[in-house]
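S.K.: Assemble the whole structure, with the sequences as input and the hints as a guide.
In full-length UniProt numbering, the protein residues as written are 1 to 196.
Derived by calculation from the structure, the hints in this document are not laboratory data.
We put the beta carbon where it would ideally sit given N, CA and C, even for glycine.
Do not take every clue at face value.
Taking CB as the label site, the calculated pair distances span [claimed, not checked]:
hint	residue 1	residue 2	range
1	27	6	35 to 45 Å
2	87	114	14 to 24 Å
3	69	117	11 to 21 Å
Calculated pairs, DSSO-like style, for lysine-lysine (alpha carbon to alpha carbon, straight line, at most 30 Å) [claimed, not checked]:
hint	residue 1	residue 2
4	155	10
5	113	96
6	63	186
7	191	39
8	96	155
9	76	32
10	38	69
11	76	96
12	191	69
13	38	191
14	155	15
15	76	113
16	191	31
17	39	73
18	186	69
19	155	39
20	32	63
21	32	73
22	186	96
23	96	73
24	32	69
25	186	31
26	96	63
27	15	186
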Amino acid sequence: MANREIKNAKQDQRKMVLDYRQRLNDGELLKKSMEIKKKLFELEEFESAEVIMFYVDFRNEVKTEFMIKEALKLDKRVLIPISQVEDRSLLLSELKNYDQELEEGTYGILEPKEEYIRPVDYEELDLAIVPGVAFDEDCNRLGYGGGYYDRFAAKVSPEASRIALAFEIQIIDDVIIGEYDLPVDKVVTEKRVVNN
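M.R.: Structure below.
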């Protein structure tokens with residue numbers, strides 16, 4: 001498949017899955033997210049991790065606010081990504097107080113306010129919790145098209161686990177991937193854990 005064909009096919013997949021996800025109402029989103037949290041927090045990778053990056057949910061993604069607050073209570077060091085638009089990279093910043101330290105940032109996603117930015121090197125990361133639009137049984141990931149998480153994944157230590165959170169409706173037969181698309185190690189849905 002040529003690059004343009006891959007790009008168009010990805011856009012079609014993205015639209016289809018996002019349309020499915022938009023149909024979930026608030027009650028369903030919360031209930032399914034609670035199930036996902038339960039499975040995530042029981043994983044050995046989560047239990048043993050000291051430094052965890054969480055994405056902050058946006059537009060019908062798996063809800064992460066209560067997961068972040070719980071992880072902080074468990075004395076985990078929680079990092080939040082800040083989108084650096086100029087080079088499409090992610091800056092990781094340590095979060096200590098969810099309610100106090102975040103404000104709407106790039107793309108309308110919550111990010112740390114300037115006075116609370118505490119940069120942390122990628123090397124310190126034990127576990128990265130990542131979002132995505134669609135996944136398949138091989139843990140291939142279809143993102144939103146910005147390339148932020150693929151650039152991030154390429155730089156993270158191989159020892160750090162990358163686990164995606166997704167609703168079961170986001171698992172499809174075959175995610176279309178390009179040469180820079182990297183799979184995740186696991187995908188946690190409300191029904192199961194998909195292993196790479």
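S.K.: Hey, residue 38 versus residue 69, does the alpha-carbon distance stay inside 30 Å?
M.R.: Distance ~14 Å between residue 38 and residue 69 Cα, so the pair holds.
S.K.: Decide if the proposed pair is consistent with the structure: residue 186 and residue 96, CA atoms, cutoff 30 Å inclusive.
M.R.: Holds. Residue 186 to residue 96 sits at ~26 Å (cutoff 30 Å).
S.K.: When you check the alpha-carbon spacing of residue 76 and residue 96, does it fall within 30 Å?
M.R.: holds, 10 Å
S.K.: Can you confirm whether the C-alpha distance between residue 32 and residue 73 stays at or below 30 Å?
M.R.: holds, 22 Å
S.K.: Taking 30 Å as the top limit, are the C-alpha atoms of residue 155 and residue 10 close enough?
M.R.: holds, 23 Å
S.K.: Take a quick look at whether residue 63 and residue 186 sit within 30 Å of each other, Cα to Cα.
M.R.: holds, 18 Å
S.K.: Given the hint of 11 to 21 Å, is the C-beta distance from residue 69 to residue 117 inside that range or not?
M.R.: holds, 20 Å
S.K.: Determine whether the Cβ-Cβ distance between residue 27 and residue 6 falls within the hinted range of 35 to 45 Å.
M.R.: Holds - the Cβ-Cβ distance for residue 27 and residue 6, about 37 Å, lies within 35 to 45 Å.
S.K.: Does residue 38 pair with residue 191 here, judged by a C-alpha cut-off of 30 Å?
M.R.: holds, 11 Å
S.K.: With a cut-off of 30 Å on the C-alpha distance, tell me whether residue 15 and residue 186 pass.
M.R.: Holds: residue 15 and residue 186 sit about 23 Å apart, inside 30 Å.
S.K.: Is it true that residue 87 and residue 114 lie within 14 to 24 Å of each other by Cβ?
M.R.: With Cβ atoms ~19 Å apart, the hint holds.
S.K.: Regarding the pair residue 113 and residue 96, is the alpha-carbon distance no greater than 30 Å?
M.R.: With a Cα-Cα distance of about 12 Å, the restraint between residue 113 and residue 96 holds, given a limit of 30 Å.
Hint compliance for this structure: every hint is met.
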